[in-house]
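Based on the provided sequences and hints, a complete structural model is requested.
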Amino acid sequence: METRQELENLDQKAKSLSEFFYSYCKMKGDQSYTNVVRSVRDYLEKRISYKLVFQNLKLWDVEDFERKDDYHMIILNYRGYIIQRFTVNAGLSSIIVSNSLNDVNIGKTYPNMDAFSAFVFALNPHTTSKCMGRISMAQETQ
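Residue numbers (UniProt numbering): 1 to 142.
Derived from the structure by calculation, the hints contain no laboratory data.
A virtual CB, placed ideally from N, CA and C, is assigned to each residue, including glycine.
Be aware that a few hints might be false.
As the list claims (entries may be wrong) - Here are the in silico distance ranges between beta carbons for each label pair: (1) Ser100 - Cys131: 12 to 22 Å; (2) Glu19 - Ser100: 33 to 43 Å; (3) Tyr24 - Asp69: 45 to 55 Å; (4) Leu59 - Ser16: 38 to 48 Å; (5) Ala115 - Glu45: 32 to 42 Å; (6) Cys131 - Tyr78: 13 to 23 Å; (7) Lys13 - Ala122: 41 to 51 Å.
Claimed, not checked - In silico DSS-like links for lysine-lysine, alpha-carbon gap of 25 Å or less: (8) Lys15 - Lys26; (9) Lys28 - Lys13; (10) Lys68 - Lys130; (11) Lys26 - Lys46; (12) Lys68 - Lys46; (13) Lys46 - Lys58; (14) Lys15 - Lys28; (15) Lys13 - Lys26; (16) Lys58 - Lys108; (17) Lys15 - Lys46.
Quick look at the structure:
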């Protein structure tokens with residue numbers, strides 16, 4: 001008798017979960033358990049693949065954002081290879097951009113190559129640029 005009650009309880013939970021997924025995933029057609037499980041698996045696979053594509057397309061993460069009286073500082077991390085710091089001074093209408101390379105991460109990712117020199121050549125991280133006046137941040141980062 002107790003096993004039968006457990007079985008009915010589990011069946012009710014499965015039915016409730018099935019109904020939830022059916023409405024959440026906006027499924028159409030047969031509402032059988034096997035159809036719902038298959039559809040949920042397909043739905044999750046699509047979501048995971050979309051997430052992976054989005055992560056691969058995303059070039060940078062905002063590592064830090066600081067706001068003080070007259071300036072804002074934004075630090076962007078480009079996949080652990082380069083850190084770019086923007087300091088925007090509203091009072092002086094200026095933007096200072098500085099870059100730094102993570103030579104350890106570059107060496108681990110591209111072993112047996114002189115990849116660090118290629119990064120230095122392409123990105124010129126040892127310079128700090130300062131823009132005053134009406135030059136926008138979008139123009140500076142292009």
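Comparing the hints with the structure gives:
1. For the hinted restraint 12 to 22 Å between Ser100 and Cys131, the CB-CB distance of approximately 19 Å keeps it satisfied.
2. The supplied range of 33 to 43 Å is broken by Glu19 and Ser100, whose beta-carbon atoms lie about 53 Å from each other.
3. Here the CB-CB span from Tyr24 to Asp69 is close to 47 Å, well matched to the stated 45 to 55 Å.
4. For the pair Leu59 and Ser16, the beta carbons lie near 43 Å from each other, so the given range of 38 to 48 Å is met.
5. Restraint check, Ala115 to Glu45: a C-beta distance of roughly 34 Å satisfies the suggested window 32 to 42 Å.
6. For Cys131 paired with Tyr78, a C-beta distance near 20 Å keeps the hint of 13 to 23 Å intact.
7. Evaluation of the 41 to 51 Å hint for Lys13 and Ala122 yields a failure: the beta carbon distance comes to about 57 Å.
8. Distance check on the hinted pair: Lys15 and Lys26 sit about 16 Å apart at the alpha-carbon level, within 25 Å; holds.
9. In summary, the hint linking Lys28 to Lys13 is supported, as the alpha carbons are separated by about 21 Å, within the 25 Å threshold.
10. The suggested pairing of Lys68 with Lys130 holds, with an alpha-carbon distance near 19 Å, which does not exceed 25 Å.
11. Of the pairs offered as hints, the one joining Lys26 and Lys46 holds, with about 14 Å between alpha carbons and a cut-off of 25 Å not exceeded.
12. A hinted pair counts as satisfied when its Cα atoms are at most 25 Å apart, and Lys68 with Lys46 does not qualify at roughly 42 Å.
13. Pair hint Lys46 plus Lys58 holds up; C-alpha atoms about 18 Å apart against a cutoff of 25 Å.
14. Of the pairs offered as hints, the one joining Lys15 and Lys28 holds, with about 16 Å between alpha carbons and a cut-off of 25 Å not exceeded.
15. Between Lys13 and Lys26 the alpha-carbon distance is near 20 Å, which keeps this suggested pair within the 25 Å criterion.
16. Using a Cα cut-off of 25 Å, the hinted pair Lys58 and Lys108 holds, with the two alpha carbons roughly 21 Å apart.
17. Of the pairs offered as hints, the one joining Lys15 and Lys46 holds, with about 24 Å between alpha carbons and a cut-off of 25 Å not exceeded.
This entry does not satisfy hints 2, 7, 12, going by the numbered hints stated previously.
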